[in-house]
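J.: Take a look at the letters that make up each chain.
Protein chains: 2
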Amino acid sequence: MAAAAQFVAHYYTTFDADRANLAGLYRENSMLTFESSQAMGVKSISEKLVGLPFQKVKHEASAVEAQPTPNDGILILVTGHLMVDEEQRPLGYSQAFQLYKDPAGQWFVYNDIFKLIFA
Amino acid sequence: MAAAAQFVAHYYTTFDADRANLAGLYRENSMLTFESSQAMGVKSISEKLVGLPFQKVKHEASAVEAQPTPNDGILILVTGHLMVDEEQRPLGYSQAFQLYKDPAGQWFVYNDIFKLIFA
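Protein sequence lines, in the order shown, are assigned to chains A and B. 1 is the number of the first residue of the first sequence in the UniProt record's numbering; add one for each residue after it. 1 is the number of the first residue of the second sequence in the UniProt record's numbering; add one for each residue after it.
This is chain A alone, in the form it adopts within the complex (with noise of 0.2 Å):
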């Protein structure tokens, strides 16, 4: 599905660019479970993951497989990996986004979903 990878695309690119940004990509309805921590609504999201621990950060999406669920939902499963900082060993991890339409028109993130895998 074309939209499911434009928002990836999109999604990672503002994350690595500058974090702060992908507070336009959630909603007041929004939920983050990031690790096992946490967050619901655009600020507590927001605050979430610019709060996290690095600087400098480079995700690489390897696989997106995308569904589309009830009342013109998305569900989209990333399987990529990640670089943090000066870190050299890439980090793996699967991320779960469910994606609707605001009345607007515009895609934003309802569930949000972000594990890192250890191998």
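It should be emphasised that the hints constitute simulated quantities derived from the structure, not laboratory data. Accuracy of the hints is not assured; some may be wrong.
It does not matter which identical chain is used: a pair holds within one copy or between any two.
Said to hold, decoys possible - List of simulated lysine-lysine pairs, DSBU-like, C-alpha gap at most 35 Å:
hint: 1; residue 1: K48; residue 2: K101
hint: 2; residue 1: K43; residue 2: K101
hint: 3; residue 1: K58; residue 2: K43
hint: 4; residue 1: K56; residue 2: K101
hint: 5; residue 1: K58; residue 2: K101
All of these numbers come straight from a predicted model, not from anything done at the bench.
Chain B: place on chain A using the hints.
T.: Showing chain B alone in chain A's frame:
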């Protein structure tokens, strides 16, 4: 969420014992994406799962995270390992499920996206 943990335990126990019995967890509008191959509906999903090219399989879900979704659904992200047949090396995987209740009040799988992870 208790329903998520119970579902995941039941799903993999059933998968590893006799995956033909997974059919009861899907409905006619259910979708499966298994390693980029897609199936929809009980019959097609069950045929895909039963026809996978291994006899024995053992899943171990090392992390299960869940969030509520619109219309009383549940989104689950599982990361874990599995071993097939006589293979000694576990394979990493990630799987996203979205569950809904059917009119009889039984949870079923609406979305199912499975992906092997190669380190």
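J.: So, for every hint listed, does it hold in this structure?
T.: Quick rundown of the hints versus the structure:
In the homo-oligomer, the alpha carbons of K48 and K101 lie at most 35 Å apart both inside one protomer (23 Å) and across protomers (32 Å), since each shortest distance falls under that limit. In this homomeric assembly, K43 and K101 come within 35 Å of each other (Cα to Cα) both inside a single copy, at 19 Å, and across copies, at 32 Å. When the C-alpha separation of K58 and K43 is checked against a cutoff of 35 Å, the pair qualifies only within one copy, where the shortest distance is 23 Å, while the shortest distance between copies is 41 Å. For the homomeric pair K56 and K101, the shortest alpha-carbon distance inside one copy (30 Å) is at most 35 Å, but the shortest distance between copies (42 Å) is not.
Within a single copy, K58 and K101 get their C-alpha atoms as close as 27 Å, which meets the 35 Å cut-off; across copies the closest is 39 Å, which misses it.
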